[in-house]
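Colleague: Fit chain X to the supplied structure of chain H, relying on the hints for placement.
Below are the chains, spelled out letter by letter.
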Amino acid sequence: MTEPRDEPRDEQLARLITDAADGVEPTDRLAEIRTRTASTRRRTRWYAAGGASLLAAAAVVAVALLGNPASPGADGAGPAQDPTPTVTDPTPAPSGSASPADPPTGAGTTTSYTVFFVGDTARGPRLYSEVRDVRGGRDLFTALQQLETPPLDPDYRALWPEGSFADAGFDGVGTDGQLSVVLADASLRERPAGMSEADARLAVESVIWTLQSAASEGDPLQAPVQFYLGRNPIDQVLGVPTAEGLAAGLSEDVQAQMNVAFPTEDQVVAGSFIALGRNNGFEATMTWTITDEAGSVVLDGFATAEGWGEGGLFPWRTEPIDVSGLAPGRYIFTAANDDPSGGAEGVGPDTDTRSIIVE
Amino acid sequence: MTHASTRDQTVTDRPSWSADEALDELYAAHWRSLVRLSVLLVRDAGTAEEVVQDAFVAMHGRWSRLREPDKALAYLRQSVVNGSRSVLRHRGVVARHASSQLQAGSRAGGDEAAEALARRDAVLEALRALPERQREVLTLRYYLDLPESEIAEALGISRGAVKSHASRGSATLRDLLADHLTGDL
Chain H
1 MTEPRDEPRD EQLARLITDA ADGVEPTDRL AEIRTRTAST RRRTRWYAAG
51 GASLLAAAAV VAVALLGNPA SPGADGAGPA QDPTPTVTDP TPAPSGSASP
101 ADPPTGAGTT TSYTVFFVGD TARGPRLYSE VRDVRGGRDL FTALQQLETP
151 PLDPDYRALW PEGSFADAGF DGVGTDGQLS VVLADASLRE RPAGMSEADA
201 RLAVESVIWT LQSAASEGDP LQAPVQFYLG RNPIDQVLGV PTAEGLAAGL
251 SEDVQAQMNV AFPTEDQVVA GSFIALGRNN GFEATMTWTI TDEAGSVVLD
301 GFATAEGWGE GGLFPWRTEP IDVSGLAPGR YIFTAANDDP SGGAEGVGPD
351 TDTRSIIVE
Chain X
1 MTHASTRDQT VTDRPSWSAD EALDELYAAH WRSLVRLSVL LVRDAGTAEE
51 VVQDAFVAMH GRWSRLREPD KALAYLRQSV VNGSRSVLRH RGVVARHASS
101 QLQAGSRAGG DEAAEALARR DAVLEALRAL PERQREVLTL RYYLDLPESE
151 IAEALGISRG AVKSHASRGS ATLRDLLADH LTGDL
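Each protein sequence line maps, in turn, to chains H and X.
Numbering follows full-length UniProt numbering, with no gaps: position 69 of the first sequence is 69.
Numbering follows full-length UniProt numbering, with no gaps: position 141 of the second sequence is 141.
Heads up, a few of these hints could be off.
Stated by the list, open to error - Anything over 10 Å on all C-beta distances counts as not near chain X; from chain H, calculated: (1) V298; (2) T304; (3) E306; (4) G309; (5) P328.
What the hints assert, rightly or not - Taking CB as the label site, the calculated pair distances span: (6) X/A113 <-> H/D28: 23 to 29 Å; (7) H/D292 <-> X/D175: 52 to 58 Å; (8) X/S149 <-> H/G177: 53 to 59 Å; (9) H/D171 <-> X/E132: 57 to 63 Å; (10) H/G136 <-> X/G160: 41 to 47 Å; (11) H/G329 <-> X/E112: 40 to 46 Å; (12) H/E148 <-> X/G156: 45 to 51 Å.
Calculated directly from the structure, the hints in this document are not laboratory data.
For clarity, every value in this text was computed on a predicted model and none was experimentally measured.
For every residue, glycine included, the Cβ atom is placed at its ideal position computed from N, Cα and C.
The following block holds chain H by itself, in its conformation from the complex:
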């Protein structure tokens, strides 16, 4: 670290100063920081299907905040708290569209899109999301084009071949209006040989979920999605009826109930890391393991999500996972839902895995 020309440190003084600093054990302020950054959040405010679950999610956030009162700052001189509107205002309208702290759109900016791919669970194929950072301002067509790219996680699959989409748009104002998708190829009307009906349905859902998510920086825009070929609505896509504008399916029917956001696939980790994701599992519990290439579990633990039950996924984050004791190499991080009921609770033990590289 130290450059050759640096003056040598006075090690006695260094020890004294370090010792004095180490005598301080800071309190945890992450919840407060998150409250203050919440109005600029977009990526973590992913998906909850239906207004009821948005209400539930808002309630969960509110409870979490009540549980973390502002710690006694110096002379009450701490910075003013500015709770996000989604906490104080329980209306499910996508009100986060015009946050003053959002960066301006245009050159030099990057937009995060939540893109939905298909992967297998014990309950059959379901949607898993990955986040893509794309240069430029928010754009619906750009979001759709991400569906044509291969997912980072090899357990997922992209069902839309390159060149499937010609355009995308939104014809309304606020929440009133319709999202549109223009297909580039008439052959997409039929389900191709080799694609299951379940995959075809999910392919259509993946368009709806990706588009609704991309249409708003905050909560997904709950607007119907209409498929077009040229200027005309198309009656079916991949064999799935699409004559009318389509709403997103229910989370539990469509989404894997466990989705890892971090680590991403092939993430290099060193020292320790915090895993993040969304799930909906029994009593909000998620368990994680790290297995080596021989398949032996070398570390495990659990975390508690912000909620569970009715519709939608809830954020979880682990405590720092210390991998400093592991030999460098490849490992698999697996996140799983707890399932003490054998599935009787209606939330199956879905899992999600990431290959990680420990340095």
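Modeller: For chain X alone, kept in the frame of chain H given last:
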């Protein structure tokens, strides 16, 4: 299911974090050391936590321009030093000490613990007695172990100035802490 060894994928050693993920990851890795850094500068733990909290909020808002953990950490460090300085200048922080911020030492009990507590208190007091720049240079050098070039960058001063602040500050600190420098730590 994942067998990455069979896959032909470029290994990315830079995470593509969202601002929220960056916040969580950097908080986990650096919250404690940055608060401690700020305590060395402002003395009071509660104030230090506020300064560092502000720095994390600012980093989150700026993440789209920082993009990389290293840059974000440098930004956090700079924000903490600037924030600490600003707090000292404008708030006139009252030194509300030992009881709240030195709990780690008080847990142990006994003479040794009392001695450690007194020593830590003396170090913080001595740092407070130094001129601003010297205090900043010494904490970055001795606590974070930053090379002079990075200290110069963080403080916006020349490397020569870093050297001179470090040498003067060290000399003063040695005088102030003479009682604590004789024995082993």
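Colleague: Each hint should be assessed against the structure and marked as holding or not.
Modeller: A quick look at each hint next to the structure:
Consistency note on H/V298: stated as away from chain X, and its beta-carbon is indeed over 10 Å from all of that chain's, at 16 Å minimum. With a cut of 10 Å on Cβ distances, H/T304 stays outside the contact zone with chain X, its closest approach being about 15 Å. Separation of H/E306 from chain X is adequate, the least Cβ-Cβ distance of about 14 Å exceeding the 10 Å criterion. The claim that H/G309 lies off the interface holds: its Cβ sits roughly 24 Å from the closest Cβ of chain X, which is beyond the 10 Å cut-off.
A cut-off of 10 Å between C-beta atoms confirms that H/P328 is not in contact with chain X; the least separation is 13 Å. Checked against the hint of 23 to 29 Å, the C-beta distance between X/A113 and H/D28 comes to roughly 24 Å, which is consistent with it. For the pair H/D292 and X/D175, the beta carbons lie near 55 Å from each other, so the given range of 52 to 58 Å is met. Checked against the hint of 53 to 59 Å, the pair X/S149 and H/G177 passes, with Cβ atoms roughly 55 Å apart.
Checked against the hint of 57 to 63 Å, the pair H/D171 and X/E132 passes, with Cβ atoms roughly 59 Å apart. Separation of H/G136 from X/G160 is about 44 Å and conforms to the stated range, judged on CB atoms against 41 to 47 Å. Against the hinted window of 40 to 46 Å, the Cβ-Cβ separation of H/G329 and X/E112 comes to about 43 Å, which satisfies the hint. Distance hint check for H/E148 and X/G156: the Cβ-Cβ separation is about 47 Å, which falls inside the suggested range of 45 to 51 Å.
Checked against the numbered hints above, the structure breaks none of them.
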